[in-house]
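A.B. asks: Here's the letter readout for the chains.
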Amino acid sequence: MEKEIAGSMSTSATDNYLTHSRGLKSWLFTLDHKRIGVMYLVSIMTALAVGGFLAMLIRVELAAPGPTIMGNNSLLGSDPAAGKDIYNQIFTLHGAVMIFLFIIPGVPAALGNFVLPVMLGAKDVAFPRLNLVSYYLWVIGAAFFLLVLVSGGLDTGWTLYAPYSTSTDTRVLSAGLGVFILGFSSIFTGLNFIATVHTLRPPGMTWFKMPLFVWALYATAVIQVLATPVLGITVLLLAAELLFKVGIFDPALGGDPVLFQHFFWFYSHPAVYIMILPAMGIISETISVFSRKHIFGYKFIALSSVAIALLGFLVWGHHMFISGQSPLASMIFSALTFSVSIPSAIKVFNWLATMYKGSIQLDTPMCYALSFILLFGIGGLTGLFLGALSVDVILHDTYFVVAHFHYTMMGGTLVAFLAGLHYWWPKITGRMFNNRLGQIAALMVFLSFNLTFFPQFLLGTRGMPRRYFDYSDLSKLDSSFTLLNLHSSVGAFLLGGAMVLTLSYLVHSLFRGRPAPANPWGGNSLEWHCSSPPPHDNFASPPAVGDPYDFTGLEYDPDLGGYVPRRRSVPAPETQPVP
Amino acid sequence: MTAPGAIAPTLSTASGWLLGQAGESFWLPPPDSTLAGAVDPVFYFILWVSVFFFGLITLLMVLFLVRFRRRAGIGPTPSPSHNTPLEVTWSVIPLILVILIFYFGFTGYMDMRVPPREAYEIHVVAQRWQWMFKYPNGHVDENLHVPVDQAVRLIMQSKDVIHSLFIPDFRVKMDVVPGRYTKTWFQAKEPGQHLLLCTEYCGTGHSDMSATVFVHAAGKFEKWLADAGKFMEDLPPAERGELLYRRHGCQGCHSADGTAKTGPSFQGIFGQTHAFTNAPPTQVDENYIRESILEPSAKVRQGYSDKMNSYKGSLNDEEIADLIEFIKSLK
Amino acid sequence: MTDAKALPPEEADAGHHRFLAHHFDSPEQQFYTGKLGMWLFLTTEILFFGGLFCAYAVYRANHPDIFVDGHHFLSTALGATNTAVLIFSSLTMAWSVRSAQLSRTRGLIACLVTTLVCAFVFLGIKYVEYAEKMEHGLIPNRIYFERLEPRLAFEPDEAYLREKLSHYADPSAAGEDLDLRVRKVRIFFGIYFCMTGLHALHVIAGIGVILWILVRSLKGHFSSAYFGPVDYVGLYWHLVDLIWIYLFPLLYLIH
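As given, the protein sequences belong to chains A, B and C, one line each in that order. First residue of the first sequence? That's 1 in my numbering, and the numbers climb one at a time after it. First residue of the second sequence? That's 1 in my numbering, and the numbers climb one at a time after it. First residue of the third sequence? That's 1 in my numbering, and the numbers climb one at a time after it.
Note that these hints are calculated values from the structure, not bench results. Any given hint could be a false lead.
What the hints assert, rightly or not - Calculated lysine to aspartate or glutamate pairs in the EDC-like style (CA-CA distance at most 16 angstroms, straight line):
#1 C:K184 to C:E163
#2 B:K134 to B:D227
#3 C:K184 to C:D157
#4 B:K307 to A:D169
#5 B:K189 to B:D149
#6 B:K331 to B:D227
#7 B:K261 to A:D79
#8 A:K209 to A:D550
#9 C:K164 to C:D179
#10 A:K299 to B:E87
#11 A:K476 to B:D208
#12 B:K328 to B:E286
Remember, it's a predicted structure, so these values are computed and weren't measured experimentally.
I would like the entire structure built from these sequences, with the hints used as guidance.
C.D. replies: Listed below in structure tokens is the structure:
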């Protein structure tokens with residue numbers, strides 16, 4: 001068994017999935033999940049850059065009350081009215097691009113596609129052609145968003161509330177079609193992952209021997225399959241209303257606007273669990289590996305992922321406490337909302353307990369993982385404010401909500417994505433990145449993120465509504481509105497800088513990075529038992545399955561710069577050499 | 001006093017003591033209505049629970065990072081990877097806390113949704129991008145005037161898309177939905193002025209859609225209402241028209257001074273001939289203005305879109321005549 | 001299942017079936033996985049239609065009179081015929097799966113063709129129904145508020161509506177006059193067209209995949225060693241049938 005592992009751990013780049021076949025067509029028509037994962041990675045990071053650029057525009061505009069760069073005879077609007085319209089389109093597209101093109105596909109498509117089959121010791125996902133179709137559906141959906149961008153924009157907010165969305169003359173139909181297609185991309189990915197986890201596990205890997213990242217992807221896939229169709233029908237009905245004037249949501253046609261909100265949030269709330277569950281899976285992996293200690297409370301973490309996935313379907317009405325829905329409905333949704341908070345809180349305690357009595361090394365993935373715990377911690381705790389009915393009355397639709405979801409989606413998912421990207425970077429690319437720069441960038445991200453978004457909690461509690469182009473009504477009464485917005489804008493630029501730094505050293509590593517060993521970090525899940533990068537077929541035969549969180553069988557080899565199976569002559573784990 | 005009723009003032013006193021402030025706080029606007037009692041104590045309770053747990057997590061993390069950092073020659077200390085009593089404890093304690101939070105939030109919310117029986121009713125109409133407040137004597141105003149120490153119920157509807165009425169100082173927020181009525185209520189504690197904002201995105205003028213809430217001292221409100229109602233009668237038609245122009249939301253889309261907005265400016269248009277996308281060119285006269293108010297889609301000015309709501313049923317003939325005079329007066 | 005006489009020549013190599021994908025260890029694993037995948041897809045379809053059924057439930061609960069009035073304009077006879085046609089097509093589809101399992105290629109092709117014919121009959125009847133509705137302008141497109149200029153593409157045949165409704169007593173307790181009932185009944189058709197229209201689109205998609213399976217059957221791809229795709233398409237077709245079985249009473253058999 002050791003020879004087998006040693007053999008497949010050779011770091012030569014003679015034949016891996018990158019070199020297996022060459023040429024553009026071998027990539028565009030690939031059925032290799034690893035290549036599809038890489039294509040997704042490049043694509044969604046492009047989407048992240050576009051969304052981030054739009055965010056920068058927003059923050060420059062909001063740095064001062066009144067028109068700043070929009071509506072001042074500039075490229076962004078010649079007069080205040082035009083400036084406002086442009087601003088409305090920019091925040092709408094920022095939300096739509098970030099949510100539909102980056103964060104929902106994000107971890108499952110870019111990292112999950114690559115890692116899942118390898119973690120299962122399989123040769124590919126269950127339906128490789130469907131996987132490629134998923135990717136191209138993403139591309140087509142993105143093309144529709146691009147069409148929206150260049151042909152008149154969208155100004156409804158990413159939430160597309162009716163009757164605004166059924167009575168505006170912006171590109172709701174194109175955007176809706178894009179969302180519909182992206183929905184199918186997501187559904188097919190979820191479908192693929194569920195089938196893969198059910199049928200392609202190696203002999204010996206029972207459900208409770210799977211790595212937690214697999215559990216996380218599985219729970220996410222269940223949500224993708226069950227919730228996304230409802231988004232599909234919502235968008236379809238919106239289209240029917242726009243095209244054929246069928247009265248469903250617009251009261252002028254005999255419809256009900258609050259029904260739209262129910263339909264929309266029935267998907268969009270579970271969607272946030274699509275965003276966060278895979279992220280939590282990454283944290284479980286990294287905390288354990290970089291503490292060299294078995295994850296604490298494995299069974300709980302695994303089952304809590306499924307619990308969160310299922311409970312997440314019951315709480316959509318907490319976005320609608322102020323919509324005019326009945327107090328009874330609001331009460332039920334509030335109670336259920338708190339129930340979902342408990343599994344998440346316990347995961348945090350489990351992660352901390354994993355660190356207890358561990359041997360912690362602050363490599364870049366670990367820096368991001370710890371960042372996640374703090375930032376998602378704040379995000380989750382601020383969710384308590386929003387779930388409490390009377391407090392939600394004052395916080396709904398204010399900047400408090402904006403801060404809350406940025407802490408959870410960005411401080412949570414994006415940070416975890418970065419953790420995973422750095423963790424699996426050697427496996428995907430075969431290169432090591434500059435760890436020192438990574439640590440610096442991670443710290444920069446953490447600090448600038450807080451500078452950007454913490455002031456927004458204050459803006460919200462003090463009364464600043466969302467989606468405001470001009471907050472001078474507020475700043476005239478209280479100058480702190482201006483100051484807080486300015487802090488937020490400065491932070492945003494620093495955050496953008498940190499992201500650029502990250503991109504730079506990662507790209508640099510592709511050309512100048514040290515070749516990566518098979519197991520640079522000392523993980524014991526199956527992806528670390530093949531070479532970096534993996535061969536085309538991942539494993540020649542199904543590898544032996546052990547406990548993915550048992551690190552006692554590994555030791556660090558300084559010559560290799562990575563971990564290898566412990567030689568029998570080496571003494572007990574307590575005194576293993578450390579890097 | 002019921003149990004929740006006793007907890008709220010206790011929390012309030014505790015938080016006030018901790019923050020060292022009476023009314024003004026770091027987080028929240030001044031609590032200028034009685035509804036603040038349903039909101040603020042719960043807010044501070046959650047705040048302190050959050051601060052405690054976040055502090056605990058941060059402390060433990062830093063402690064572990066230092067104490068258990070990777071050191072040459074020393075590996076991790078074997079320790080169990082689960083501990084049922086511990087896991088139960090850290091599940092049950094948060095569970096109890098969130099149940100408490102839910103309960104306080106729910107009882108406060110019920111207070112906010114159920115107005116007292118004797119409440120003064122004011123109708124609110126929201127349209128892009130102006131609020132209109134209709135008082136029992138028929139007076140329509142662009143600002144909200146209320147008496148102090150009196151429960152006021154707002155009955156709200158929208159003429160176009162969803163808006164949301166938000167008065168931060170009063171802890172009041174409720175969506176205003178087309179096709180149905182929504183209601184909210186509050187009781188102001190002191191005379192003064194407060195900001196009222198729209199907080200459900202409604203288009204170009206969303207951040208301009210604000211109004212002022214005037215809380216009148218005891219006895220002053222009735223006088224204001226009577227004066228306001230009569231005020232209109234004594235004015236010449238063009239000035240009445242200007243008030244109507246402001247109060248019924250026309251100024252949201254039509255400027256009086258030539259500024260470009262969603263709709264054509266009124267400056268100097270009387271007597272001009274305009275081109276239309278769906279009708280032959282027409283001169284702006286009394287009939288044209290009346291038709292534009294009642295059936296705006298009949299003639300859409302070239303270069304503008306067909307976005308105007310009709311005012312059929314909102315403006316009577318006399319008011320339309322006043323508006324015509326006002327528009328005539330704009331040179 | 002490994003009877004050499006039943007297998008066409010290219011499948012005689014039992015080591016690696018022609019249609020076995022490289023990442024599966026055995027045809028059984030591939031078949032089982034494919035079936036799981038199709039069931040997952042059907043689950044998404046149920047959720048997809050579920051939203052519409054929800055909207056139906058909400059509107060019917062709030063305005064039962066509109067639904068009672070509306071269903072008079074649907075032909076129960078045509079709807080029942082369509083139901084029978086689809087149920088029969090499900091039978092022939094199941095039969096075709098069985099034929100594939102038994103390597104009876106001729107039977108497979110015959111059953112698939114019959115299923116296709118039934119699908120076209122269904123669509124034909126639907127066309128007749130839709131055409132009749134269009135002729136009388138019974139499609140949603142009515143503006144209820146004054147603020148939007150009525151931009152109706154199809155004027156409702158109010159005389160026809162009035163004449164038909166006058167035969168039936170007012171289903172609501174409010175004692176509404178005929179004019180109001182005529183105005184309101186068109187809401188029903190919004191729901192009707194959305195639900196049956198989406199279903200018809202799924203029938204069309206079903207025709208597409210059945211044609212694909214037919215072409216592959218003519219090429220001799222399917223046998224007892226490999227019939228997965230026929231099975232999966234069969235499952236899909238059964239769902240399409242099942243959805244119609246719910247739609248029919250909900251729309252046509254309202255009392």
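A.B. asks: Against the 16 angstroms threshold, does the CA-CA distance of K134 of chain B and D227 of chain B hold or violate the hint?
C.D. replies: At roughly 15 angstroms apart (the allowed maximum being 16 angstroms), D227 of chain B and K134 of chain B satisfy the hint.
A.B. asks: Does D169 of chain A sit within 16 angstroms of K307 of chain B, going by the straight-line distance between their CA atoms?
C.D. replies: This hinted pair holds, its Cα atoms lying about 10 angstroms apart.
A.B. asks: Given the hinted pair K476 of chain A and D208 of chain B, is their alpha-carbon gap at most 16 angstroms?
C.D. replies: It holds: about 13 angstroms lies between the C-alpha atoms, which stays within 16 angstroms.
A.B. asks: Starting from K184 of chain C, check that the Cα of D157 of chain C is at most 16 angstroms away, please.
C.D. replies: Holds: K184 of chain C and D157 of chain C sit about 14 angstroms apart, inside 16 angstroms.
A.B. asks: Taking only the CA atoms, is the gap from K331 of chain B to D227 of chain B under or equal to 16 angstroms?
C.D. replies: Since the Cα atoms of K331 of chain B and D227 of chain B sit roughly 30 angstroms apart, the hinted pair is violated (cutoff 16 angstroms).
A.B. asks: Given the hinted pair K184 of chain C and E163 of chain C, is their Cα-Cα distance within 16 angstroms?
C.D. replies: Measuring from Cα to Cα gives roughly 15 angstroms; hence the hint holds.
A.B. asks: What's the verdict on K209 of chain A and D550 of chain A, does the C-alpha distance respect the 16 angstroms limit or exceed it?
C.D. replies: Holds, because 11 angstroms separates the two Cα atoms, which is no more than 16 angstroms.
A.B. asks: Does K299 of chain A pair with E87 of chain B here, judged by a C-alpha cut-off of 16 angstroms?
C.D. replies: The hint holds at about 12 angstroms.
A.B. asks: When you check the alpha-carbon spacing of K164 of chain C and D179 of chain C, does it fall within 16 angstroms?
C.D. replies: holds, 12 angstroms
A.B. asks: Between K261 of chain B and D79 of chain A, is the straight-line Cα distance small enough, at 16 angstroms or below?
C.D. replies: holds, 9 angstroms
A.B. asks: Would you mind confirming whether the straight-line C-alpha gap from K328 of chain B to E286 of chain B stays at or under 16 angstroms?
C.D. replies: holds, 9 angstroms
A.B. asks: Assess, step by step, whether the Cα of K189 of chain B is no farther than 16 angstroms from the Cα of D149 of chain B, and give holds or violated.
C.D. replies: Holds, because 5 angstroms separates the two Cα atoms, which is no more than 16 angstroms.
Hint compliance for this structure: hint 6 is the single one not met.
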